[in-house]
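Novice: Top to bottom, those sequences are chains A and B.
Residues in the first sequence are numbered from 294 upward in steps of one, following the working numbering.
Residues in the second sequence are numbered from 294 upward in steps of one, following the working numbering.
Be careful, since some hints might not be right.
Just a sample of chain B residues kept apart from chain A, beta carbon distances all over 10 angstroms, derived [stated by the list, open to error]:
1) PRO310
2) PRO323
3) LEU334
4) GLY366
5) GLN378
6) ALA381
7) GLN382
8) PRO388
9) ALA405
10) ALA411
11) ILE495
12) ASP503
13) LEU549
14) MET592
15) SER600
Calculated cross-link-like contacts (lysine-lysine; reagent style DSSO-like; alpha-carbon spacing at most 30 angstroms) [claimed, not checked]:
16) B:LYS625 with A:LYS428
17) A:LYS597 with A:LYS428
18) B:LYS625 with B:LYS359
19) A:LYS359 with A:LYS428
20) A:LYS359 with A:LYS625
21) B:LYS428 with B:LYS625
22) A:LYS428 with A:LYS625
23) B:LYS625 with A:LYS597
24) A:LYS428 with A:LYS583
25) B:LYS359 with B:LYS597
26) B:LYS359 with A:LYS625
27) A:LYS597 with A:LYS359
28) B:LYS583 with B:LYS359
29) B:LYS428 with A:LYS625
30) A:LYS625 with B:LYS597
Which bits of chain B does chain A cover? Going by a derived footprint, with three or more residues having C-beta under 8 angstroms, they are [as the list claims (entries may be wrong)]:
31) 483-492
32) 627-637
Note that these hints are calculated values from the structure, not bench results.
Quick caveat: nothing in here was measured; it's all calculated off a predicted structure.
The beta-carbon is built from N, C-alpha and C at its ideal position, and this holds for glycine as well.
Number of protein chains: 2
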Amino acid sequence: MERQNRQAGSADPLSLPVIDTDTVVIGAGPVGLFQAFQLGLLGLSTHVIDVLPEIGGQCVALYPDKPIYDIPGVPLCTGRELAQQLLAQARPFLPADDSGRINNLHLSDQVASVSQRADGGFAVATVHGLNVRCKAVFIAAGAGAFVPRTLNVPGLNDATHVPSNVHHYLPAPHALDNTTASWANQAVIVAGGGDEALSAIIALDQVPTDARPALLTLLHRRDQFQAEPALEAQVRELMAQGRVQLALGMPSGASLENGRVTALQVLGPDEQTRTLPLDQLLIRQGLSPKLGPLTGWGMTLERKQVSVSPDTFESSIPGIYAVGDINTYPGKIRLLVCGFHEATLAAHAAAAALRPDQPQHLQYTTTSALLHQRLGLI
Amino acid sequence: MERQNRQAGSADPLSLPVIDTDTVVIGAGPVGLFQAFQLGLLGLSTHVIDVLPEIGGQCVALYPDKPIYDIPGVPLCTGRELAQQLLAQARPFLPADDSGRINNLHLSDQVASVSQRADGGFAVATVHGLNVRCKAVFIAAGAGAFVPRTLNVPGLNDATHVPSNVHHYLPAPHALDNTTASWANQAVIVAGGGDEALSAIIALDQVPTDARPALLTLLHRRDQFQAEPALEAQVRELMAQGRVQLALGMPSGASLENGRVTALQVLGPDEQTRTLPLDQLLIRQGLSPKLGPLTGWGMTLERKQVSVSPDTFESSIPGIYAVGDINTYPGKIRLLVCGFHEATLAAHAAAAALRPDQPQHLQYTTTSALLHQRLGLI
Chain A
294 MERQNRQAGS ADPLSLPVID TDTVVIGAGP VGLFQAFQLG LLGLSTHVID VLPEIGGQCV
354 ALYPDKPIYD IPGVPLCTGR ELAQQLLAQA RPFLPADDSG RINNLHLSDQ VASVSQRADG
414 GFAVATVHGL NVRCKAVFIA AGAGAFVPRT LNVPGLNDAT HVPSNVHHYL PAPHALDNTT
474 ASWANQAVIV AGGGDEALSA IIALDQVPTD ARPALLTLLH RRDQFQAEPA LEAQVRELMA
534 QGRVQLALGM PSGASLENGR VTALQVLGPD EQTRTLPLDQ LLIRQGLSPK LGPLTGWGMT
594 LERKQVSVSP DTFESSIPGI YAVGDINTYP GKIRLLVCGF HEATLAAHAA AAALRPDQPQ
654 HLQYTTTSAL LHQRLGLI
Chain B
294 MERQNRQAGS ADPLSLPVID TDTVVIGAGP VGLFQAFQLG LLGLSTHVID VLPEIGGQCV
354 ALYPDKPIYD IPGVPLCTGR ELAQQLLAQA RPFLPADDSG RINNLHLSDQ VASVSQRADG
414 GFAVATVHGL NVRCKAVFIA AGAGAFVPRT LNVPGLNDAT HVPSNVHHYL PAPHALDNTT
474 ASWANQAVIV AGGGDEALSA IIALDQVPTD ARPALLTLLH RRDQFQAEPA LEAQVRELMA
534 QGRVQLALGM PSGASLENGR VTALQVLGPD EQTRTLPLDQ LLIRQGLSPK LGPLTGWGMT
594 LERKQVSVSP DTFESSIPGI YAVGDINTYP GKIRLLVCGF HEATLAAHAA AAALRPDQPQ
654 HLQYTTTSAL LHQRLGLI
């Protein structure tokens, strides 16, 4: 089972109240967001859960600013723009409260288990203690949960206990500015040599003086980066100014104390092992998709994809649907346009299964007063 | 067989040169346009044929300005906007020449026959004399060909001979301005009582004085219209000014002379039959979908839909695909989002069938240099 790292300072929320809803969508990528929209149009409530800290899935995590040309009716957009448009479209069903929080969208969390309930529904539990009771589950998990690559060091990638000062995502600026979560005057090591690591170093250097780490170290195995030239130039300049240290080598061990890492042992290019003391360790080595816990739910899989029926996109477990890149069926092509269709048919199939007594009369958003009402237009 | 009315003054183009292309798409609605885009991405050339004088199919013909809310990533658009965006997206494969003409988009024409050729390809012939040789045909004809409703009068709806001065579409303003096609000083009857008829009357009243018909008559069965109040108010004002005559009654006969209608016999509400002489008759009674000639091509149909396989969207005739509202398969929902998926899979299936020796390696518009080249980006 994959374990998601906690945000600094957050307590274990083991006793959250149980949420009751019609459906759970696993994945807030483009297809998961459109799944929520289609479910909403059909009058089914939903909670969306995603392991990443942002909506948009792979599109935003891997190529947020790259152009996409093949979304029907959208000659050109970036992954980030597409995700924002899909969220705007699903807004009637993923409403934000006054503080901007969307209460049925759960980011930075990962579904740990889905179990069948006696009433025919499902209990969905997350690694952060969320418990959701629902009637149908939609897996829109793309290539799987995109989880950060960690360091291959004993004590750091033990799934049952991640040290509290090891991070894979940069805390939000307001968190760093906040005294309790602040990294002010601390020794911070950023591990990695790609865009993610270099942009994190730059962001940490730019926090206001009273919140700035005292020592910023970039740890990478060699003095060459795989990053945008502009980012590299900025970091080289920070090194030249003495604002950032570069430590070269491969981490070989970690000193642990009271559930925290206090130092890393690093084997340098000179074959010497050095000890780097630290207060916070930010591992920025990119994301890697993991199929994660769903391999254990008993669904029929084929080459790590969930086998589905092409008329309902239901898996071999009735009530669990799979849409987008995670599924497979004859003719499957891994394109977003196909995932949108799959989400549409899956929503209609679920609505028919959950409301067998109601006529399944197709309504159009152009003309249906009921759909206009659900969209909040009237 | 449906017969499409000719534009005023156009000669019978019976000896047009044969066009050779990879594919023919029947229908320039949203799904047909996206079909052309997907075929282009896969390196297959195409000619698109539609019975309507404009792109956009039913979306533009029936509800051009009504909002659509369920196109993925497009929270709100009108039918006309969607069609324009899809044309813009398909532009690399439907390029306009200097005069703005798209040489592989054939509007106001209708496919009359599709016949298998000895080489395994198809010969597509239209009612206007277009002959296209291709390797695969994509039927994206929606509810069928949207053909104008005509008057139920002997001599007017004879499929083998439509009088040359009977029209169902208003000629373009530049055609009316042009001396050869001009309706200047002529007696023009517009038949109908809906938006289409009233807006045609207004447009004809507004042509410059030297091109204006001498007599403009609106022919409708009663003195009540089913039209936008603003349109009705404008036409009532034109009547009050004596610029437009209103003739009430049901046409019961037509006088024909040298392939032209010279007068209509109209049975009035007073049970009297009157004769209305005319130079041009414009019938504006809306559009009605007709499945048309494709019922005779030998494909398996199910309740007037083309039965297709859901992994290729191929019909029972190899090489003829059907996508969008015209097809049926288990789970089918008649939504645009589904048609876009179907067009995508059909394009890939056709490419695989036409190029069996080439590896079918899925490429993404975000990253593929080959696709960027085909899109004209590099």
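Novice: Taking the hints in turn, state whether each one holds.
Specialist: Status of the hints after comparison with the structure:
no. : hint                   : verdict
1   : PRO310                 : holds, 32 angstroms
2   : PRO323                 : violated, 7 angstroms
3   : LEU334                 : violated, 7 angstroms
4   : GLY366                 : violated, 5 angstroms
5   : GLN378                 : violated, 5 angstroms
6   : ALA381                 : violated, 5 angstroms
7   : GLN382                 : violated, 4 angstroms
8   : PRO388                 : holds, 14 angstroms
9   : ALA405                 : holds, 29 angstroms
10  : ALA411                 : holds, 30 angstroms
11  : ILE495                 : holds, 26 angstroms
12  : ASP503                 : holds, 42 angstroms
13  : LEU549                 : holds, 41 angstroms
14  : MET592                 : holds, 19 angstroms
15  : SER600                 : holds, 14 angstroms
16  : B:LYS625 with A:LYS428 : holds, 23 angstroms
17  : A:LYS597 with A:LYS428 : holds, 25 angstroms
18  : B:LYS625 with B:LYS359 : holds, 24 angstroms
19  : A:LYS359 with A:LYS428 : violated, 37 angstroms
20  : A:LYS359 with A:LYS625 : holds, 24 angstroms
21  : B:LYS428 with B:LYS625 : holds, 27 angstroms
22  : A:LYS428 with A:LYS625 : holds, 27 angstroms
23  : B:LYS625 with A:LYS597 : holds, 27 angstroms
24  : A:LYS428 with A:LYS583 : holds, 26 angstroms
25  : B:LYS359 with B:LYS597 : holds, 27 angstroms
26  : B:LYS359 with A:LYS625 : violated, 33 angstroms
27  : A:LYS597 with A:LYS359 : holds, 27 angstroms
28  : B:LYS583 with B:LYS359 : holds, 23 angstroms
29  : B:LYS428 with A:LYS625 : holds, 23 angstroms
30  : A:LYS625 with B:LYS597 : holds, 27 angstroms
31  : 483-492                : violated (count 0)
32  : 627-637                : holds (count 9)
Going down the numbered hints, you'll see the structure goes against 2, 3, 4, 5, 6, 7, 19, 26, 31, while the others check out.
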